[in-house]
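Enquirer: Next come the chains, spelled out residue by residue.
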Amino acid sequence: MYMTDDSESLEENIVKQFLSNLESSDDISEEVSDTLSNLSDKDDFGGRDQIVDVVLEAVSEGED
Amino acid sequence: MRIDELKVHNFRGITDLEEQPEGDNIGLIGPNGSGKSSVMDAIDFLLTGDVQRMTGEGTGDLSIEDHGPHVDSDPEESWVEIRFADNSEEITLKRTVEDNDLEYDGDLPDSLELLIDAAERGQHLLSRNEILNFIVARKQSRSEQLRSLLKLSNIKEKRLELQGAADNLDDEADRKEREYDSSRNRLFNLFEEEADDIEEVREKVNELRKELDGQPLEELDTDTPFRSDLESPTDRASASPIQSKQTKELLAKIHQWFEEDVEQFLERDAKLREKTETVRSDEEALRALDVLELIRDGRQFLDEEADRCPLCLTDWDADELEAVLAEREEKASEANERMEELNDLQRDALPLLTEVRTALDSLKNVLGQHEDFDTEELEEFLDNLETYENKLEADVVDELPHEDSTKEERRQILKPESAVEYISDLRSRAEDLPDLDALQDAWDVLNSAYENYREVLELEDVAAEYREAADQMDEVQKEFINARDSVLNETYEAISEQFEEYYKSIHGEEEEFSPEISPTETGLDIQVGFHGRGKHPPHALHSEGHQDSMGLCLYLALCDHLEGGELPLIMLDDVVMSVDASHRRPLANLLKEKISSDFQILITTHDELWYRHLKTVGVLSRKSTIKFSNWSLQDGPQIIGRSGDEWDRIEELMEEGDVQAAASRLRHTAEWFLQEACHQLGAEVRFKSDSRWTLGDFSGPAMSRFKELIKQAKRAGDSWGHDISEINELDNKRSEVYSQFHREVGAVNPNVHFNADEWATFSVEEFRPVVDAFRNLYDLFWCSNCNSCLFLVEDGYDEVHFNCRCGGKANWTLEEE
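Chains as they are written, first to last, in the numbering used here: chain G, 1 to 64; chain W, 1001 to 1817.
A couple of the hints might just be wrong.
Said to hold, decoys possible - Subject to a maximum C-alpha distance of 25 angstroms in a straight line, what follows is the list of computed PhoX-like cross-link-like pairs (lysine-lysine): (1) W:K1253 / W:K1478; (2) G:K42 / W:K1733; (3) W:K1733 / W:K1711; (4) W:K1391 / W:K1271; (5) W:K1714 / W:K1688; (6) W:K1275 / W:K1391; (7) W:K1733 / W:K1623; (8) W:K1156 / G:K16; (9) G:K42 / W:K1478; (10) W:K1248 / W:K1156; (11) W:K1364 / W:K1331; (12) G:K16 / W:K1248.
Just so you know, these hints were derived from the structure itself, not from any lab. Note that the coordinates shown come from a computational prediction; the quantities given were computed from them, not determined experimentally.
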């Protein structure tokens, strides 16, 4: 569980909590988690099309 | 960083304004239309390059270029400049209407970047409209407002994109699964009997391979084509041309000629011969037929009036010649009709012959490519057919094919025994060979099945991959919502607690307030307790004044979370209009104790009493307060005394000889300081349900109470053996001041209100003692050193001390030994 940091904005705290949730989730692969972590700096995660592409790629890598 | 110095030049009604709040809270006090909002506009413009008030609904025609500069001012001469400073650094920001660029030297400090960011979203400024948005708005609108305030717009965007990606992947996974099902069904349906599963496909593939003399496959494998190690039917066809469908069709056609068509042809041939004889029998008609065209032309040129031939000049009888020619033309026409019937018979007979001849020709060509086949018999038969056909196509009147032969002889030519046997033999051999079409079908099905099988496996993998990605994305977006809700609930809980603390600090424990802020599907819900009667939306049962303080408290509670709590400046624009008088002091205390330490506050109000509350508790100071009296086109806002001191303004009015204005201001000032004295001294003021207390309601109780406390302080000092000379001195002073006040107080109201008999009858000199009496009373209650009213300290129900804030003027016990 990520501990929220009062010195950071709510958005930063939410994104960090989100990434922490991804890491600890049994249902989400490490590759997908890492991929979304790389996109987290963007306002919209790079848009849904890019998310779809990279998640598919990550799932594919995970299967390899 | 806080505002250290503010300069405004020719902007929005302000000609020139220069203030040095030096980091203190800033007060903008004055009636509506006096120019205080222009100062907020100036700060807004400096931070954002725009003015929030000029960008809302109904402001379409307003622009900074046209409406920013003060009237008749050039845009390059219209500017705002603010110096921000903290303990370690300072920076000056300036923006001119002309180029509208923010000018500064060096790097912009982080806190100012946050302030500018917040200002661009309009979060640095709270007006009553925003209060209503928090409290009265629908859940959706409130949610949007708070999301914007808490800078959560990107969070919404992030959530929507994750949700969109999850939905897209789910849709795509569904599509791939449909494609997989469809491809699998096509594979299963490829076989004569539908397969039920992949294992059955393998069995059926092996059945087809067996038909093609192949070995069974142990298992299906995308790297092993289903036709591997099989000889193609085409190769087989090369080895035995009579196995091909095409050859079999040729043999069937020729066989049909022998069996049926030849007799049909001979029938037609016989009719043709009969008709030919008929035509040949009328020689005259045939001759006429030869010159039929000439006869027809001659009849056209025959001139009934002429009696000789125009060519040879032989005499003729035109009528006789016409009769001869008509007769000849009639005969020729009859012959012509018979010729046409003959041609029809030719056209009827020829196709049968052509059909079998071309079939033989094709068969000869197919077989001729293989050494195993002797086509000599066929070639002779073919030559005979060609000869027959050629003659039949020619002029049969001249010569018929095999003119002198009998029908039986012609049958032998058209159906020679050797050819019949040859074709029969080939057909028998072809029937003994496997059906090349079935093999080709098997071959084709195997190929299709293999391609289909590969597609099925590929789609199975792709669909599984998409489904896996969709499932993971579904979890991803759920985790995002969990993270958002977790952090926001924690934040909302903290805000709720702060909100409750702030609200109760204003309204006390008079009700079970316990606010709950919770996100819902459609927005953000706020429920607050109402006097133990359950929880309701803020605007359901609470008064307008309570709603205003709720909105303000909620905003102040939110401020701790705006920009990570690093927002340096918040601006409160006339936000206490509906907060009743009894709750303004605690509100002022709240601003002083809880907010001022974290933020520099800029407050506007048109309410003098509210300003005095703020000043009394120390939220505002005279130094950092700008008081506006009115506004003129020429000079812009008129600012009352640079120090903001009411007494200075009264003196200014006296110097100007405006006794009525001085009297009015004196009465308001007295109402304020006597009300404050009542509060600080614990005086009992007669209750009025309409809260419309006047000077007389406060003066008596305040003065009596002050006197009581002085007396009590003397008794207590005596009991302890303290030196009470200071108290005696103040008491003596009190006695003089009271006498003076009682003498003069009656002169105030007649000078304030219009009265035909009394109004404006006082000169400045006559009114001077009145001002002095009030000022002396103020000085009696106030410590000039700490600028605070003397106040009573209580311990429970015990009155224990009487002092001023610094203790310089009064610091006396009230408890006797």
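Enquirer: Could you run down the list of hints and mark each one as holding or not?
Expert: Hint check results:
1. Between W:K1253 and W:K1478 the CA atoms are separated by roughly 74 angstroms; this puts the pair beyond 25 angstroms, and the hint is violated.
2. Between G:K42 and W:K1733 the CA atoms are separated by roughly 72 angstroms; this puts the pair beyond 25 angstroms, and the hint is violated.
3. A hinted pair counts as satisfied when its Cα atoms are at most 25 angstroms apart, and W:K1733 with W:K1711 qualifies at roughly 13 angstroms.
4. Our distance criterion of 25 angstroms between C-alpha atoms is met by W:K1391 and W:K1271, whose separation comes to about 16 angstroms.
5. Simply put, W:K1714 and W:K1688 have alpha-carbon atoms about 33 angstroms apart, too far for the 25 angstroms limit, and the pair is violated.
6. Proposed proximity of W:K1275 and W:K1391 is supported: the alpha carbons are some 16 angstroms apart, at most 25 angstroms.
7. With a C-alpha separation of about 30 angstroms, the suggested pairing of W:K1733 with W:K1623 is violated against the 25 angstroms cut-off.
8. Among the hinted pairs, W:K1156 with G:K16 is consistent with the structure: their alpha-carbon atoms are about 15 angstroms apart, no more than 25 angstroms.
9. Of the pairs offered as hints, the one joining G:K42 and W:K1478 holds, with about 19 angstroms between alpha carbons and a cut-off of 25 angstroms not exceeded.
10. For the hint linking W:K1248 to W:K1156, the alpha-carbon distance of about 74 angstroms lies beyond 25 angstroms, and the restraint is violated.
11. Pair hint W:K1364 plus W:K1331 does not hold up; C-alpha atoms about 48 angstroms apart against a cutoff of 25 angstroms.
12. Taken as a hint, the G:K16 and W:K1248 pair is broken in the structure, with Cα atoms around 78 angstroms apart against an allowance of 25 angstroms.
Comparing the model with each numbered hint stated earlier shows that hints 1, 2, 5, 7, 10, 11 and 12 do not hold.
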